[in-house]
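Start from chain A and add chain B according to the hints.
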Amino acid sequence: MSAVDGLGLVIFVGLAAYTVLGGADFGAGLWDLSRDRAQRDLVARAMAPVWEANHVWLIFVVITLFTGFPGAFGALSRALVAPVSVALLGIVLRGAAFVFRQYGAPYGGAPVRGTALWGRVFAISSLVTPFAFGTAAGALAAGTLRADGSAGLWSPFLAPLPLLAGLLAVTCCAYLAAVYLSRDAERIDSPALVARFRRRALGTGVVAGGLALAALPVLPPALGVELRGVGLPAVVVSAAGGVLGLVLLWRRRHRAARVAAACAPVGLLAGWALGVYPWVLPGQVLLAESAAPPVIAGPVLLVLLTGLAIVAPSYVFMLRVLRAGVD
Amino acid sequence: MIDDLTAAREQMELSLSFHIVFAVLGVGMPWLMLAAEWRGLRTGDPRWTALARRWSKAVAVLFAVGAVSGTVLSIEFGLLWPVFMARFGSAIGLSFTLESFAFFIEAIFLALYLYGWNRLSPRVHLLTAVPVALGGMASALFVTTANAWMNGPVGLVTGPKGDLVATEPLGPFLAPTADPQMVHMALAALMCTGLAVAAVYAFAMLRDPAKRDGYHRRGLAAGALLGLTCAPLQVLVGDWATRVVADVQPAKFAAMESLPETMDGAPFHAGPFEIPNALSLLLHFDPHARVVGMDAIPPPDRPPVAVVHWSFQLMAGIGTALLALAAWALWLYLRHRRATRAARAAVSGSGTGVLAGRTGGAVHPTDRRVFLLAMVAAGPAPFVALLAGWIVTEVGRQPWIVYRVMRVPEALTSQTGLATYLYATAVIYLVLAVALVAILRRIARGTTPPDPAPTTPVRDEVPA
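Each protein sequence line maps, in turn, to chains A and B.
If you read the first sequence in numbering that gives the first Met the number 0, its first letter stands for residue 0, the second for the next number, and so on.
If you read the second sequence in numbering that gives the first Met the number 0, its first letter stands for residue 0, the second for the next number, and so on.
Worth flagging that the hints you see were computed from the coordinates, not collected in a lab.
It is possible that part of the hints are untrue.
Just so you have them, the derived chain B footprint on chain A, three or more residues with Cβ under 8 angstroms [claimed, not checked]:
| hint | region |
| --- | --- |
| 1 | 36-49 |
| 2 | 54-62 |
| 3 | 80-87 |
| 4 | 100-109 |
| 5 | 112-124 |
| 6 | 299-308 |
Note that beta-carbon positions come from the ideal geometry of N, C-alpha and C, so glycine has one too.
Same shape as in the complex, but just chain A (with noise of 0.2 angstroms):
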């Protein structure tokens, strides 16, 4: 395997960590969408301590992707202006506003006028910026853009595999927000929300492996040749773990839930990695011919690999001490 392969590695297991990570903050922020104050709370509660380093996976995969392979990068960028760009907007609103709404009232009492508007800035970003991702990685498996942008602004939207992802992707942060946020609910003793998320969790993923279902005739053929070859395995780690999820969500097991939701994407993930690969625009520009320079991209893997090192463990370092016990 060469340091370009590794490369192209480590931005998958950044894609998937910013996918399970990243994608539950957002459906944490369409369940903020609530008129019940307990609800809200538990939200805030879960997300404020990490959702920064959950977005940091996303700073991390566009650095190494413009490092490793700048040409898929630039053919990237001219591609999927419109869906990357109301992904941006989403981003900055979200983050923004979450953060405004949570220190609208630093001190109790009266919050800053326009508070009670950012919070719904906040969910309702939260539920754009995963669509417009969706939609793009739909798009890119459709194999309909081209890498000078000439396929047109618009048109990753315009279709109904990218419009079936976009749904897929926002359903996916749903349902991974509410395995988590049933199990940080039995965590405080709240029964009511423990109720309300499983509910929430078993409705999605339903609805979750039903797009996922209905995406398959919409697949282009070459696509279906992948998924039943080499991303065979992705499709069944999927698909298992969509189903082990909502047996454990069924039985009440929270805790292992979480971990067998979490599969569920990153399989969908891994499956639309290996059925569009080897390419980075299906048709138009090969992953492989669009990488850095040998010279640049070892040093860079060795960067990265000693950099996630280090990260990976003050991160959990961080949710244990986080998580333990009450204030």
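Okay, now just chain B, sitting in the frame of chain A:
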């Protein structure tokens, strides 16, 4: 509608300016927070701990806004300048890769710091601020090296297809302007933070004399100490940076000094004044040395002179003014300290020391209205200098995106209608800035710990 190239450039300028203003606070504030919490732990003074807690709330908000606006930048590079990124993304990649890890560390430990007040021992909690401060500073410096590479690309060789290929992963760190740019940026971040914080407390003291208490004095002192200590250092580093630019980017230097012709014994401009031969003397320690002017640069490679020149003058002017402020503040402080010591000696010596009253040196600097006004004015000043400095760096590099390798128009995307993006970005950033300021003001309000009751007669409470 403006054309796409202008729109793309303005959008970059807008996003960078927004990011840099809030990001420098995110870089500098953790150091103040760390210092205040450390003082609080060491002295047991609750006012320092209260400051640290207060500042940590501001850091939380600033960090979030800095993080998302930084994300915008990294993706915008591709959206606006895909040709630049496709060709040179890997050349500046290592800087950004390191930056992403610095950022990870900062985010993780900031979470521990913000939510760990009651979960970690005071000592461990203090320690979690160390990676936050280091990570924030490191990420700013790493990104600055990417800019340094654009100002002096190294490690490019002609590949088999005749195009330039990046071969040096450490290129951004080896760029000729990397070292002065990094130090200049680090000091700028600390100056901006320190003086902004000091201005907040100076403003509060001016509005409400009851706030001239220990809490606000400590806040002002910490900010002023950080900001004003950096001021003289920044003048030296600025001088160093200018010399390096004169060596490696003569076009930018000629624009900065507004030097139309190459000449021996070049004069130095300071605002409306012109000092004969001074530029040659400053640059080469020889009043008759030759300084390269704009006529040596081929016309298509010349940056716009007026913007670069006046931005440079503005930055240098503010730097000089802050140096003067630093000297004045130091003098006031020393005078006050000497007077208080003399008063204390008198009190303890005679028991009923007779003082000259609250005149002269005995007046605490924060009881001087003029000093407070100066500190308020000094709050926004380094930010203006910071933006002016970035204009010098960026506009002075024009017409190149990568100095002498790629011109800005070559890098532009083929996407049209970029003006729409510009207007949308402007509106969103304006709304965010307004909301952010409102929240920071709210954080600044709230109760503060009172001064402890005096046990022995000190300073102002000397019996008559």
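Tested hints:
no.: 1; hint: 36-49; verdict: holds (count 3)
no.: 2; hint: 54-62; verdict: holds (count 7)
no.: 3; hint: 80-87; verdict: holds (count 4)
no.: 4; hint: 100-109; verdict: holds (count 6)
no.: 5; hint: 112-124; verdict: holds (count 3)
no.: 6; hint: 299-308; verdict: holds (count 4)
Hint compliance for this structure: no hint is broken.
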